[in-house]
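Chemist: These are the residues of each chain, in order.
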Amino acid sequence: MPERPTGREVERSEHLSLGEIKELIELVAEKQFNEFELERGGFRLRLQRGGQRATVEVQAATGVQPVSVVVPAPVSAPELPVSSNVQPTADEKLHVITSPIVGTFYRSSSPTAEPFVRIGDMVEVGRTVCIIEAMKLMNEISAEVTGTIAKIFIENGQPVEYGQPLFGLKQ
Amino acid sequence: MAPPFQIIHLPIIDSTSTYLKSMTMAAEFTCITADEQTAGRGRQSNRWHSARGEGLCLSVLLRPPAAATGISLISLLAAVATAEALGDVGRERLTGIDIKWPNDVLIGERKIAGILVETVGYGVEERLRVIVGIGVNLHQTSFPAPLAETATSFKIETGSQIEVTAFRDRLLERLAHWYGRWVDGQMAAIVRRWSELSSYALGKEVMVTLDSGRLTGRTAGIDEDGSLLLLTESGQLRRILAGEVARLRVGEGQR
Chain V
386 MPERPTGREV
396 ERSEHLSLGE
406 IKELIELVAE
416 KQFNEFELER
426 GGFRLRLQRG
436 GQRATVEVQA
446 ATGVQPVSVV
456 VPAPVSAPEL
466 PVSSNVQPTA
476 DEKLHVITSP
486 IVGTFYRSSS
496 PTAEPFVRIG
506 DMVEVGRTVC
516 IIEAMKLMNE
526 ISAEVTGTIA
536 KIFIENGQPV
546 EYGQPLFGLK
556 Q
Chain P
75 MAPPFQIIHL
85 PIIDSTSTYL
95 KSMTMAAEFT
105 CITADEQTAG
115 RGRQSNRWHS
125 ARGEGLCLSV
135 LLRPPAAATG
145 ISLISLLAAV
155 ATAEALGDVG
165 RERLTGIDIK
175 WPNDVLIGER
185 KIAGILVETV
195 GYGVEERLRV
205 IVGIGVNLHQ
215 TSFPAPLAET
225 ATSFKIETGS
235 QIEVTAFRDR
245 LLERLAHWYG
255 RWVDGQMAAI
265 VRRWSELSSY
275 ALGKEVMVTL
285 DSGRLTGRTA
295 GIDEDGSLLL
305 LTESGQLRRI
315 LAGEVARLRV
325 GEGQR
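These protein sequences, in sequence, are chains V and P.
For the numbering used here, count along the first sequence from 1 and bump the result up by 385.
For the numbering used here, count along the second sequence from 1 and bump the result up by 74.
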C-alpha cells in the first residue's frame, strides 16, 4: 500500500486538525469564497481559490514550518488528496537513509534483476535497499531501522554524494 | 601468505564470493577457493567464465571499519596485488602486464584476471565485510568464441603450467601487503603503484561508458580515492567513479 501520512502528522500544527481543515475547505467551497483566512492560537490558515487549483496554507505564527496543502478544484470534492502533498512536515517523521559514500546508485543487483525494495515495502534492519558503486566496488547499503519505504529520493543509475538522502522510511 | 588466512577449498560452487558473503560470522582473512564456479559474477550482469581446474577462483574477506575513508581504493589495490603476483611467479617471466581502470588485469589488451569487490554492512555494522573476488585465467589453452578476442591465460602467454597453490599463496601475500598499507593510510603509495602498473593512468585515449552515456577523452591520472580523471574532448576534467573504460582505437570517438 502506498504511504500516506495520517491526520496525526498534520496535527503537529497542534491547533488545527485535518478534520477541521476539511470542514473549512468544504465551508469555503459551499460559500463560494475566493479567499478565506482564519487565525487561531498563533496559527493562520489561509484558503485561496484560483484557476485550476485551490491552495490551503496553514501558517504557524510562532515560526514553526508551515503546512501547505494543495487541493484540486472543485474544492468541495469529498476525498481530499491532502496526504500526498503535505510538505515538508511529513518528511520530518521519516527515517532517512543517506549515502555513506560517493558513487552511482543502483536499485537492483543487475540491470535485469528486480529492485531490492519498492515504495510501500516493509523492510527490517539489515535488509539491503540498494547498491552504490564506486571503482567497481559494489557497496550494499542496509536499512538501519525497521520500517516501510515511503520515499526513494534518487533514480536508478544516478550519481550520489556522501550524505545524500536515498530512502525515506516510515517507522 | 602472512596474516591468519584461513582457506576453505570447494570443488564446485556457484560463486566463491556469494558463498563467502553468506558466511556472516567469518573472521577477517577467511578465503574461499574453488576448482569450478558455475555462476561467477562480474560487474552488473556480466558473468565470469571459470571451468573446472582452469584457473584460480578466490574470494577473500576483509573487515575494515565502516567509518574508514577510501574503501573504494581496495578495488584498485586488489588489482595491484594480482598484477604483482602474476609478474613474479614461476620460471617464466610474464611480460606486458597492464591494469585497466579500475581493476582489470590485462596482458597486452587481453584480460587475464577479473576482480569484483563487494561490501556488506553499511548502515548496520561497525566493521564492514569486504569481499574481494578475484578470478585468474591460468591453464586455458583457448577460449570460446565470444571471449577469444578479449581473454587470455597464463598458459597462452607463457606456454607453461603454473602451480595453482603457489600462485594463490603469492597472490594472498601481495594482497596482505597492499591491504596493510591501506590500513596504515598509505593511499598515495597505492595510487602510485597502480599508476606504475597501468598504461591507463595517464595520457591514454579512452571511451568511458557510463549509465548516462559515453565520454571520450584522455586519462589524466588517478585521484586518491581511486577515481579516474578524464580530460574530455571538450576540455572538461571529469572524475569517473563508475563506468566501463575502453581503449580508443583509430577512427573511433569521432561522433
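Hints are computed from structural coordinates only; laboratory data are not their basis.
Note that the Cβ used here is the ideal one computed from N, Cα and C, for glycine as well.
Warning: the hint list may mix true and false statements.
[As the list claims (entries may be wrong)] Over the 12 Å line for every Cβ pair with chain V, so calculated as not near, a few chain P residues:
no.	residue
1	Leu84
2	Asn120
3	Leu190
[Claimed, not checked] To give a feel for the contact side, a few chain P residues facing chain V, derived at Cβ under 8 Å:
no.	residue
4	Gly161
5	Val163
6	Pro176
7	Ile230
8	Ala250
9	Ser301
[What the hints assert, rightly or not] Computed list of lysine-lysine pairs in DSSO-like fashion (alpha-carbon distance at most 30 Å, straight line):
no.	chain 1	residue 1	chain 2	residue 2
10	P	Lys229	P	Lys185
11	P	Lys185	P	Lys95
12	P	Lys229	P	Lys174
13	V	Lys555	V	Lys478
14	P	Lys229	V	Lys555
15	V	Lys536	P	Lys95
Chemist: Take the hints in turn and mark each one as holding or not.
Modeler: These are the hints, each one checked on the structure:
No beta-carbon of chain V is positioned within 12 Å of the beta-carbon of Leu84/P; the least distance is around 22 Å. A Cβ of chain V approaches the Cβ of Asn120/P within 12 Å, the least distance being about 9 Å, so the stated non-interface status is violated. For Leu190/P, the condition that its CB be more than 12 Å from all CB atoms of chain V is violated, with the nearest at approximately 7 Å. Hint status for Gly161/P relative to chain V: violated, with the closest Cβ pair at about 21 Å, above 8 Å.
Here the hint on Val163/P is broken, as its CB sits about 24 Å from the closest CB of chain V, past 8 Å. Here the hint on Pro176/P is kept, as its CB sits about 4 Å from the closest CB of chain V, short of 8 Å. Here the hint on Ile230/P is broken, as its CB sits about 24 Å from the closest CB of chain V, past 8 Å. Against a cut-off of 8 Å between C-beta atoms, the interface hint on Ala250/P is violated, since the closest Cβ of chain V lies about 19 Å away.
For Ser301/P, the suggested interface contact is upheld, since its CB lies about 7 Å from the closest CB of chain V, less than 8 Å. Between Lys229/P and Lys185/P, the direct Cα distance comes to roughly 13 Å. Compliance with the 30 Å bound is thereby established for this hinted pair. The straight-line distance between the Cα atoms of Lys185/P and Lys95/P is roughly 25 Å, inside the 30 Å bound, and the hint therefore holds. The suggested pairing of Lys229/P with Lys174/P holds, with an alpha-carbon distance near 21 Å, which does not exceed 30 Å.
Distance hint between Lys555/V and Lys478/V is fulfilled; the C-alpha atoms sit about 7 Å from each other, no more than 30 Å. With a C-alpha separation of about 56 Å, the suggested pairing of Lys229/P with Lys555/V is violated against the 30 Å cut-off. Straight-line distance between C-alpha atoms of Lys536/V and Lys95/P comes to about 28 Å, which keeps the hinted pair within the 30 Å bound.
Violated hints, in rising order: 2, 3, 4, 5, 7, 8 and 14; the structure is consistent with all others.
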